[in-house]
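For reference, the chains in residue letters:
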Amino acid sequence: MRTSLTEIERIENWLLKRGDVEDRLVTEARVLSGVEWKDKVRWQSTAYDLIQLYGHKKLREEVKSVEHQLFQTSKYRPFQNRIRAIFKR
Amino acid sequence: MLAPTKASISKTREETIITWYEEVFPLAAAHIHRNGGDLDAAKEIFQEAVVLYYEKLMHLNFQPESGDTAYLMGIVKNKWLKYCKKFSTQESLDYIEVAEESIQKPVKAKLLHYLKQAGEKCMDLLQSFYYEKLTMRQVADRFEYASERSATVQKFKCLEKVRYEVKRKSLSHEDFLN
Chain U
1 MRTSLTEIER IENWLLKRGD VEDRLVTEAR VLSGVEWKDK VRWQSTAYDL IQLYGHKKLR
61 EEVKSVEHQL FQTSKYRPFQ NRIRAIFKR
Chain P
1 MLAPTKASIS KTREETIITW YEEVFPLAAA HIHRNGGDLD AAKEIFQEAV VLYYEKLMHL
61 NFQPESGDTA YLMGIVKNKW LKYCKKFSTQ ESLDYIEVAE ESIQKPVKAK LLHYLKQAGE
121 KCMDLLQSFY YEKLTMRQVA DRFEYASERS ATVQKFKCLE KVRYEVKRKS LSHEDFLN
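In order, the protein sequence lines correspond to chains U and P. This note's numbering numbers the first residue of the first sequence as 1 and each following residue consecutively. This note's numbering numbers the first residue of the second sequence as 1 and each following residue consecutively.
Think of the hints as simulated: they come from the structure by calculation, not from any bench. Warning: the hint list may mix true and false statements.
Which chain U residues stay away from chain P? Per the calculated CB distances, all over 12 Å, these [what the hints assert, rightly or not]:
| no. | residue |
| --- | --- |
| 1 | Glu-22 |
| 2 | Val-26 |
| 3 | Ser-74 |
Using 25 Å as the maximum straight-line C-alpha spacing, the simulated DMTMM-like pairs for lysine to aspartate or glutamate come out as follows [said to hold, decoys possible]:
| no. | chain 1 | residue 1 | chain 2 | residue 2 |
| --- | --- | --- | --- | --- |
| 4 | P | Lys-133 | U | Glu-36 |
| 5 | P | Lys-77 | P | Glu-65 |
| 6 | P | Lys-133 | P | Glu-15 |
| 7 | P | Lys-121 | U | Glu-12 |
Quick caveat: nothing in here was measured; it's all calculated off a predicted structure. Glycine residues also receive a C-beta, built at the ideal position from the N, C-alpha and C atoms.
Given only the sequences and the hints, what does the whole structure look like? Please build it.
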C-alpha cells in the first residue's frame with residue numbers, strides 16, 4: 001500500500017482506537033505536534049460522518065422503495081387489503 | 001458456508017424489511033388508527049421505526065430479548081407519541097430524533113451531494129464497511145474484488161478521495177462545516 005494510504009490507515013486506527021497501541025501513540029504524537037496532521041484528522045473525521053449520512057440515506061431510500069412495492073404491486077394485494085380494512089373501521 | 005454475494009446481501013436486507021412490514025405494519029397501523037392517525041402517518045412512523053431498528057441491529061450487534069415485533073412496536077408507540085406532541089407545533093417528524101437532526105445539517109447534505117457526484121461507487125463501498133459494518137470479505141464479494149487485500153486497498157483509496165473532496169469543497173465554500 002502506498003505511503004499516503006498507510007497514513008490514512010494510521011489515522012483511522014487512531015480515531016477508531018484499534019490496531020497496534022504503539023502505532024497509535026506515534027500517530028497521536030504527530031497529530032498533537034503538527035497542523036498538517038490535525039487538518040488531515042479533521043477532514044477524515046468529516047469524511048466518516050458523511051459516509052454514515054450517506055449510508056443512512058441509502059437505507060431510508062431502500063425502506064421507502066420496499067414500502068412502495070408493498071403498497072403498489074399486485075403481488076402484495078392481500079397485504080394492501082388488510083391495511084385498507086384497518087383504516088375503513 | 002458460502003460467502004454472501006452482492007445480490008444475496010441486499011436481498012437479505014430487503015427480505016428482512018418486507019417481513020417486518022408484513023408482520024408488524026398491520027399492528028402499527030391499527031395502533032395509529034386507534035389513536036387518531038391516518039395511513040400516511042402510519043407509513044411515515046413505520047419507515048422511521050424500521051430505519052432506527054435496522055441501524056440498532058447493524059451498529060450495536062443488538063439482540064432484542066423480546067423479538068422484532070415487540071421492539072418495533074415499542075419504537076412505533078414512542079414515535080407516535082412524539083409525533084402527536086410535535087404535530088401540535090407543526091414540526092416535521094424528520095426532526096424528532098436528535099441524533100438524526102445533528103447529521104442532517106444542510107451543509108453536510110450539500111457536501112454529500114457533491115461527493116455522490118464525484119463517485120457513487122466509492123461511497124457505496126465505504127458505506128458498506130463503515131455504515132453497514134460488513135466484513136472486508138463481504139465487501140470484496142459484493143464489489144467483486146479478488147481478495148480482501150484488494151478491497152482494503154480500494155477502501156483506503158476511496159477514503160483518500162473522499163477526504164480530499166471534503167477538504168477541497170469545504171475550503172472553497174467558507175460556510176461549509178463552520
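**OP:** Enumerate the violated hints, using their earlier numbering and listing them in ascending order.
**Re:** Structure breaks hint 4 only.
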